[in-house]
Amino acid sequence: EAGVAQSPRYKIIEKRQSVAFWCNPISGHATLYWYQQILGQGPKLLIQFQNNGVVDDSQLPKDRFSAERLKGVDSTLKIQPAKLEDSAVYLCASSPGSAGELFFGEGSRLTVL
Amino acid sequence: AQSVSQHNHHVILSEAASLELGCNYSYGGTVNLFWYVQYPGQHLQLLLKYFSGDPLVKGIKGFEAEFIKSKFSFNLRKPSVQWSDTAEYFCAVNRRNNDMRFGAGTRLTVKP
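As you go down the protein sequences, you meet chains A and B in turn. Using this note's numbering, read the first sequence as starting at 1 and increasing by one per residue. Using this note's numbering, read the second sequence as starting at 1 and increasing by one per residue.
Please note that a few of the clues may not be correct.
[Claimed, not checked] When the alpha-carbon atoms are kept at most 20 angstroms apart in a straight line, the in silico EDC-like pairs for lysine to aspartate or glutamate are as follows:
#1 B:Lys61 to A:Asp86
#2 A:Lys44 to A:Asp57
#3 A:Lys44 to B:Asp99
#4 A:Lys15 to A:Asp86
#5 A:Lys71 to A:Glu14
#6 B:Lys111 to B:Glu88
#7 A:Lys62 to B:Glu88
#8 B:Lys58 to A:Asp56
#9 A:Lys71 to A:Asp86
#10 B:Lys49 to A:Asp86
#11 A:Lys83 to A:Glu101
#12 A:Lys44 to B:Glu88
No wet-lab data here; the hints were simulated from the structure. Fair warning: this is a prediction, and the values are worked out from it, not measured in the lab.
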């Protein structure tokens, strides 16, 4: 079966610019997650969707980050305006349910200059 | 604060040495436990998982982990590592119907 697809793989922007990342989960997976992984750290949950509803966005910096999952399938994560500390790999993962194994995409590496 | 702790940041072993990576969590109640691995240049993938039952679980590539409820621990073990085990290992905890939290990771380097 096809895995979790993410794009772009790499993005370099200057601070205060905006960027968007796209994720297409595994077909049929109801739960979708966005994680931020800063170099040397473990993945940190930004937002969790169950179908097209938000389950948890308590760690999402809502003044600059936004995410949506229209129609309960693919999802977009946006950062506007970007800060230097947003440099990280943004991981998308999906799961058939909310308590089981996560399947990860390759990630989108963001560098903010 | 509730968290997932991995004791070692970087472990260096020679081939055939035994491996044990520590993981402790501070969440109460019922949890699901996971170890994920990230090989160089690849995405995170599941190594093994524990939901219930036998606290000693076996995963891919000869890895196993033991859940000790009283110690809130889920340590990863392998009797004899190979050069190809060089990777970053992440412990993760999922509180049922809640989010998946990851530890900071342990980088394993196996010298040939």
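Tested hints:
Between the alpha carbons of Lys61 of chain B and Asp86 of chain A the distance comes to roughly 35 angstroms, so the proposed pair goes past 20 angstroms and is violated. Distance check on the hinted pair: Lys44 of chain A and Asp57 of chain A sit about 11 angstroms apart at the alpha-carbon level, within 20 angstroms; holds. Simply put, Lys44 of chain A and Asp99 of chain B have alpha-carbon atoms about 10 angstroms apart, close enough for the 20 angstroms limit, and the pair holds. The straight-line distance between the Cα atoms of Lys15 of chain A and Asp86 of chain A is roughly 9 angstroms, inside the 20 angstroms bound, and the hint therefore holds.
Proximity of Lys71 of chain A to Glu14 of chain A is assessed by CA-CA distance (about 32 angstroms); at most 20 angstroms being required, the pair is judged violated. For the suggested pair Lys111 of chain B and Glu88 of chain B, the alpha carbons sit about 15 angstroms apart, so the restraint of at most 20 angstroms is met. The suggested pairing of Lys62 of chain A with Glu88 of chain B is violated, with an alpha-carbon distance near 30 angstroms, which exceeds 20 angstroms. The suggested pairing of Lys58 of chain B with Asp56 of chain A is violated, with an alpha-carbon distance near 31 angstroms, which exceeds 20 angstroms.
Between the alpha carbons of Lys71 of chain A and Asp86 of chain A the distance comes to roughly 28 angstroms, so the proposed pair goes past 20 angstroms and is violated. Among the hinted pairs, Lys49 of chain B with Asp86 of chain A is inconsistent with the structure: their alpha-carbon atoms are about 31 angstroms apart, more than 20 angstroms. Our distance criterion of 20 angstroms between C-alpha atoms is broken by Lys83 of chain A and Glu101 of chain A, whose separation comes to about 32 angstroms. Restraint check: the Cα-Cα separation between Lys44 of chain A and Glu88 of chain B comes to about 16 angstroms, which is no more than 20 angstroms; the hinted pair holds.
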